[in-house]
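Chain by chain, the residues:
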Amino acid sequence: MKNLKLLVTILILSLIITAFQPLPNNPSAYNAAIVLKVIQDVKHKKPTTNWINTKPATQLETADQLKTGSKSVAVVRFVDGSSLRVRENTTITIFADKKERGLLKNTKIDVGKMRFDVEKQQEEDEFIITTPTAVATIRGTSGFVNVDENGQTLLVVETGVVDVRALFGAQQSGTVEAGNSSFINLEGNVTINSSTEQDLNEARNSMRTNEKYIQIQTPQGTFRVYYLDFE
Amino acid sequence: MKSLKIFVLSIIFVTSLFAQPSIRLIVFPELTTMDFANFATLNDLQGAPRVFCAEINAPNQTVVMKGDVEWKKVGASDFVTIAWFITRPFLSRNLCNDDIGNVDVRIYDHYANTDLIKENMRFGKPTGEYRLTVYLYDSTSQNLLSSDTRTLIFLNPAQTLTIINPRTNQTYDAGNILVEWTPISGASDYYIKASDRSDPNQSLEEALQRGIPLVNDRNVGLVTSINLRDILERELRPGSEIVLQVSANIQGPAGGRRIYSEIVNFSIFNPESQYYQQLITRFNNVLNRLGENELARLFRDGQLDPSKIQIRKEDGTIMTFEELINFIEMNANNILRIVKD
Numbered sequence: 025m026k027n028l029k030l031l032v033t034i035l036i037l038s039l040i041i042t043a044f045q046p047l048p049n050n051p052s053a054y055n056a057a058i059v060l061k062v063i064q065d066v067k068h069k070k071p072t073t074n075w076i077n078t079k080p081a082t083q084l085e086t087a088d089q090l091k092t093g094s095k096s097v098a099v100v101r102f103v104d105g106s107s108l109r110v111r112e113n114t115t116i117t118i119f120a121d122k123k124e125r126g127l128l129k130n131t132k133i134d135v136g137k138m139r140f141d142v143e144k145q146q147e148e149d150e151f152i153i154t155t156p157t158a159v160a161t162i163r164g165t166s167g168f169v170n171v172d173e174n175g176q177t178l179l180v181v182e183t184g185v186v187d188v189r190a191l192f193g194a195q196q197s198g199t200v201e202a203g204n205s206s207f208i209n210l211e212g213n214v215t216i217n218s219s220t221e222q223d224l225n226e227a228r229n230s231m232r233t234n235e236k237y238i239q240i241q242t243p244q245g246t247f248r249v250y251y252l253d254f255e
Numbered sequence: 014m015k016s017l018k019i020f021v022l023s024i025i026f027v028t029s030l031f032a033q034p035s036i037r038l039i040v041f042p043e044l045t046t047m048d049f050a051n052f053a054t055l056n057d058l059q060g061a062p063r064v065f066c067a068e069i070n071a072p073n074q075t076v077v078m079k080g081d082v083e084w085k086k087v088g089a090s091d092f093v094t095i096a097w098f099i100t101r102p103f104l105s106r107n108l109c110n111d112d113i114g115n116v117d118v119r120i121y122d123h124y125a126n127t128d129l130i131k132e133n134m135r136f137g138k139p140t141g142e143y144r145l146t147v148y149l150y151d152s153t154s155q156n157l158l159s160s161d162t163r164t165l166i167f168l169n170p171a172q173t174l175t176i177i178n179p180r181t182n183q184t185y186d187a188g189n190i191l192v193e194w195t196p197i198s199g200a201s202d203y204y205i206k207a208s209d210r211s212d213p214n215q216s217l218e219e220a221l222q223r224g225i226p227l228v229n230d231r232n233v234g235l236v237t238s239i240n241l242r243d244i245l246e247r248e249l250r251p252g253s254e255i256v257l258q259v260s261a262n263i264q265g266p267a268g269g270r271r272i273y274s275e276i277v278n279f280s281i282f283n284p285e286s287q288y289y290q291q292l293i294t295r296f297n298n299v300l301n302r303l304g305e306n307e308l309a310r311l312f313r314d315g316q317l318d319p320s321k322i323q324i325r326k327e328d329g330t331i332m333t334f335e336e337l338i339n340f341i342e343m344n345a346n347n348i349l350r351i352v353k354d
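Protein sequences appear in the order of chains A and B. Quick note: the first sequence uses my numbering, first residue 25, plus one each step. Quick note: the second sequence uses my numbering, first residue 14, plus one each step.
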């Protein structure tokens with residue numbers, strides 16, 4: 025009986041010690057986001073590993089990369105509830121750094137399209153999207169980013185405000201408000217205009233992450249046409 | 014003490030002598046729309062479900078009761094009488110509508126507006142406002158003693174018996190018309206009636222009643238879907254317009270009654286028509302846009318007859334061939350893949 029009491033005490037103590045462990049000093053071990061949904065061909069990798077197929081509920085640590093194939097989608101959610109809908113043929117790298125006061129989240133998108141729905145950030149927190157030509161700071165905003173193969177960036181802001189800055193050349197900067205789009209070219213020019221119907225349609229369509237099907241029964245068998253629908 | 018008792022009894026006796034006869038109408042609060050539909054469209058109070066009771070307070074008096082059922086259609090300004098009845102004299106007692114016609118409460122006269130009853134039945138379930146009024150007369154039925162009224166409002170004009178498929182104004186392949194409808198409680202059998210509508214000026218009702226029937230009020234049992242081809246009495250003509258109605262038999266005395274769906278009209282594809290040929294071309298094109306797949310190959314090679322395919326969405330809703338083509342054309346960028354089960 026005495027031994028049992030001792031065993032229970034040790035067990036409780038070890039649980040308490042584990043619970044109050046500080047975050048690991050090695051930032052690469054920090055869980056930055058989780059993959060909520062995977063449609064078709066989605067892969068991820070660590071800086072030192074090869075690409076592996078991604079399954080729903082995969083944890084992404086800082087510096088992890090994720091890429092989608094043709095007709096494929098991934099939905100990624102950060103610890104603060106912000107989410108990214110990564111569209112087809114897109115590659116992103118997730119960075120998250122727990123600073124002394126606040127959490128820095130930086131998503132680097134090399135090529136492709138991605139929708140962002142960012143929760144209102146605490147004063148010390150930051151949510152950044154980096155493309156080959158620009159960096160965008162986002163606070164409580166939804167929108168869409170499209171990076172072409174040359175690295176030129178189109179940023180469509182649906183709600184909220186985004187501060188954008190070109191990384192090279194003229195290094196222009198600007199503030200993009202809801203209903204506007206910004207194009208950042210290779211020369212570092214930032215142009216801001218009202219979003220076109222095409223921009224808005226693409227932003228709206230980027231919300232399609234629900235896989236549905238239509239069933240076609242024929243004498244030769246049953247076919248299913250799978251398509252992306254709104255959630 | 015004895016004198017006090019006599020005094021109290023005297024008071025009660027005198028009070029009862031001078032009490033005004035009264036009638037109070039009780040409409041069951043949990044009344045279902047279906048029960049009321051049965052009541053409002055039935056020319057037989059005894060056979061109807063219990064919908065109302067009358068609390069008659071006229072001790073030891075012989076009385077006559079009259080009842081009115083009136084209806085105000087949605088959007089109409091006035092009530093019109095659907096039915097009324099008047100009883101023979103009876104010794105007052107509390108009674109309910111299903112008591113009327115019984116041994117001691119006989120009906121002296123009654124009236125039912127069959128046109129309005131049919132109109133109600135076409136709606137499938139109570140729609141608009143219904144006013145029930147009961148009158149209490151003395152035994153000569155000349156002197157009104159009391160009356161009471163209640164109004165029931167059914168604002169939702171939705172159909173109880175609704176045809177899910179075919180859908181109005183859609184075009185279907187002759188071999189692929191699944192008739193589907195919503196079940197209604199209390200139904201013992203469902204019936205299908207379908208006719209050609211040869212003259213577009215004909216109302217849907219006229220076409221259904223006067224056209225040469227394709228399906229003549231066929232009892233299909235207690236199912237909620239059937240392939241039209243399986244019950245056709247004559248062949249569908251390509252390019253023709255069809256009107257169709259489903260009805261449900263609700264069990265009850267004297268064989269029950271019918272609740273009718275709305276009438277739907279739809280068309281039959283004509284494979285010879287230019288429009289149909291255009292559809293085939295569009296389907297081929299849109300399938301080819303989606304890349305190589307077995308469905309596209311079968312269709313391209315002429316092995317797939319559109320009249321033999323059945324298309325459903327994930328939720329079970331039927332799509333026509335034309336709707337499928339429109340959908341894929343509109344959503345080509347959102348199509349992920351086509352696979353064979």
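Any given hint could be a false lead.
Stated by the list, open to error - With a Cα cut of at most 30 Å, we get these calculated BS3-like pairs of lysine-lysine: (1) A:236 with A:79; (2) A:61 with B:321; (3) B:131 with B:206; (4) A:123 with A:70; (5) A:236 with B:131; (6) B:86 with A:67; (7) B:353 with A:79; (8) A:61 with A:144; (9) A:67 with A:132; (10) B:131 with A:79; (11) B:321 with B:131; (12) A:236 with B:79; (13) B:79 with B:131; (14) A:123 with A:236; (15) A:61 with B:326; (16) B:321 with A:236.
Because the hints were derived from the structure by calculation, they are not lab data.
The hints, checked one at a time:
1. A:236 with A:79: holds (19 Å)
2. A:61 with B:321: Given that 30 Å is the threshold and the Cα spacing comes to 36 Å, the pair is violated.
3. B:131 with B:206: holds (17 Å)
4. A:123 with A:70: holds (22 Å)
5. A:236 with B:131: violated (43 Å)
6. B:86 with A:67: violated (62 Å)
7. B:353 with A:79: Cα-Cα ~24 Å, so holds.
8. A:61 with A:144: At roughly 23 Å apart (the allowed maximum being 30 Å), residue 144 of chain A and residue 61 of chain A satisfy the hint.
9. A:67 with A:132: holds (16 Å)
10. B:131 with A:79: Distance ~60 Å between residue 131 of chain B and residue 79 of chain A Cα, so the pair is violated.
11. B:321 with B:131: Roughly 38 Å separates the two Cα atoms, so the pair is violated.
12. A:236 with B:79: Answer violated: residue 236 of chain A to residue 79 of chain B is near 60 Å, above 30 Å.
13. B:79 with B:131: holds (23 Å)
14. A:123 with A:236: violated (41 Å)
15. A:61 with B:326: holds (22 Å)
16. B:321 with A:236: holds (23 Å)
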